[in-house]
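**Student:** So the chains spell out like this:
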Amino acid sequence: MNPDKTQRCYIEQALIKPIYLFLLFMMGLTGFGQMPIFKRYYIADIPGLAWTAKFYVTHYLHYLGAILLFFLVVYGVVFYLGLMRQSYTLNRAAYVRIILLAAIIVTGIFRVLKNLPEVVFSPAFTMFIDISHLAFMMLLMIFGIVFSITRSGWLVPRNS
Amino acid sequence: MSLLSRRSFLKTGFAAAGAACASQFPLPAAAQPKNNEELATLIDIRKCIGCEACVEACRDVNGFKYPEPQKPFPKMYPSRVKVADWSDEKKREVRDRLTPYNWLFIQWATVNIDGEEQEISFPRRCMHCQNPPCADLCPWGAARKLKNGITVIHSDICLGGRKCQIVCPWDIPQRQTGVGLYLDLLPSYAGNGVMYKCDRCYNLIAEGELPACIEECPEDVQTIGPRSEIVQEAHRLADQEGAYIYGENENGGTNTIYLSTVPFEALNQAIDKGPGQPHLDPVKDKMAHADNLAKAMLIAPIAGLAAAVSRVYKVTKNVSNQIEDKK
Chain L
1 MNPDKTQRCY IEQALIKPIY LFLLFMMGLT GFGQMPIFKR YYIADIPGLA
51 WTAKFYVTHY LHYLGAILLF FLVVYGVVFY LGLMRQSYTL NRAAYVRIIL
101 LAAIIVTGIF RVLKNLPEVV FSPAFTMFID ISHLAFMMLL MIFGIVFSIT
151 RSGWLVPRNS
Chain H
1 MSLLSRRSFL KTGFAAAGAA CASQFPLPAA AQPKNNEELA TLIDIRKCIG
51 CEACVEACRD VNGFKYPEPQ KPFPKMYPSR VKVADWSDEK KREVRDRLTP
101 YNWLFIQWAT VNIDGEEQEI SFPRRCMHCQ NPPCADLCPW GAARKLKNGI
151 TVIHSDICLG GRKCQIVCPW DIPQRQTGVG LYLDLLPSYA GNGVMYKCDR
201 CYNLIAEGEL PACIEECPED VQTIGPRSEI VQEAHRLADQ EGAYIYGENE
251 NGGTNTIYLS TVPFEALNQA IDKGPGQPHL DPVKDKMAHA DNLAKAMLIA
301 PIAGLAAAVS RVYKVTKNVS NQIEDKK
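Line by line, the protein sequences are chains L and H. This note's numbering applies: residue 1 is where the first sequence begins, and numbers increase by one. This note's numbering applies: residue 1 is where the second sequence begins, and numbers increase by one.
In short, the hints are calculated from the structure, not lab data.
Keeping only pairs whose Cα atoms sit at most 20 Å apart, straight-line, the calculated SDA-like set for lysine to any residue is:
(1) H:K295 with L:E118
(2) H:K147 with L:A124
(3) H:K147 with L:V120
(4) H:K295 with L:Y63
(5) H:K71 with H:A84
(6) H:K284 with L:N115
(7) L:K17 with H:A307
(8) H:K65 with H:E209
(9) L:K54 with H:V283
(10) L:K54 with H:K284
(11) H:K317 with L:Q86
(12) L:K39 with H:Y77
(13) H:K314 with L:Y10
(14) L:K54 with H:L293
(15) L:K114 with H:N36
This is chain L alone, in the form it adopts within the complex (with noise of 0.2 Å):
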C-alpha cells in the first residue's frame, strides 16, 4: 500500500513553504545587491541594512542562499514524489514556477562555474547567464505576485 492515499498531513507541508518564501526572498535581496543601488538608494541607510551595499556579504549569502535552495528543491522533489503524488498533483501554476525555478537554477549554476578560477566562459554567454538569471527571477517574482492573487498554490487534491 502508497503511504500517501491516507492523504496524512506532514510537517514539511507547513513547514517548506515559508523556508522556501523566505529563501526566495534572501535570494532576491542578495541578488539585485550584486547591483551597486541599495547604496544609491539609502536602503543601505536603513539600520540594519548596510551590509546590503557590501558586494563581497551579499555575493557570500546568495552562494549561501543557492546552497540552501539546491537542498530544499531537491528534498522537495524526493519527498513529492515519495509522499505526496498519489493524493496530489500540480497545477499549472506550479508548473510555470518549476520551469522557472529551473531556469534561474541553471544559470545560476553557469554564474557559480564562470566564477571558479580555471573556467572562462565566452564574454557573450557570460553576459547571456547574467542577463538570463535576472530576467527569470524578474518573471518568477511577477507570476509569483499574480499567482498569490489568484490563490494558485503548487498542489490540488487528485480526488477534488
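Since the structure of chain L is already known, use the hints to place chain H on it.
**Tutor:** Frame of chain L, contents of chain H only:
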C-alpha cells in the same frame, strides 16, 4: 624560454607570427601560451628609470578608446550620486595616478638602501588577476576575463556603477561620467558612465603585437610570456639575486609579477597611496569564498536527496507497520 621583451620580440617574433595566427591568441609563437595557458608579464623594477615612455605609449596607442563624454551630464538622482569627470583638457593630462585617460602610471618610492637614499620607480596598472573579482562580480558581464588572462571592461556595455572598482583589491578601474550605455537607458536613475582601465592592449595582442608599454620601454622592464614561465623566471632571478616577488599569489594569483630587490613592504610604505594610486599590500584571494561555497553546492543536493529518501523510507515503513498491526 619563450618570454618576450621588446628586443627579443623584434628578433624572434615576426618569424613566428605566421604560425601563431592559426591559434586563438596570435601572439608570436615564442610568447604563445601553451595549452591555452594565460599570459603574464614580469615587471623588473630594478630596470625601471621612470622615463614614462610606457605611459606615453599607452596613451598614444589606447587614445582612441578614451571617453568623449556628452555634456552637460544628465542630472543625477538622488543627489548623493556624484559625477566623475576627467575629461577637461587639464585633467586629461594627469599622469601621476590612474584615470579614465591614464591607464598606466609610474609610482615612485624613496627608500633607504645600505644607508643611501634611492628613488625607485615602477609602472602600475591593472594586475590582470587570474580570478578577477571585477569580472566575477560585474552584474552585466561588462568586465570580462579573456582566455589569454587579460581582463577587459567593455565600454559599450559598462554602466559605470563602479562595483568593479569597489571589489578590486587595488581599486584600479576609474570612472568617467557622461559616456556609455546608461545614457540610453535611465541616465538620471541608473548607471553613471563607464569604467576604464588597462586592457593590456588586447587588440594588439590579437594582431600578434606586443602591448604598447612593453614595446616602447627602452629598458626592457617588462617581459611577457606564458604564466608558468614568467613565474619560473621571476623565481630564478629572485633566488639568484636576492630579489622579492609581488603578484604571484596576491588575490589568488595575478598575471602581473613584480620583481624588486627592495622588499615590497618597504616599497609599500614609501609610495603615495590613495585614489588611483594602488598599494602594494599582500592581498588574500578575494574570491576564495566563492570557490569554497561552490564545493558545498555540489554536496547540498546529495544531502537533500539523502534526507528526503530517509524521510520517505521512515514514513513508508511506519505506515506499513501500522497496517501490519491492524491485521
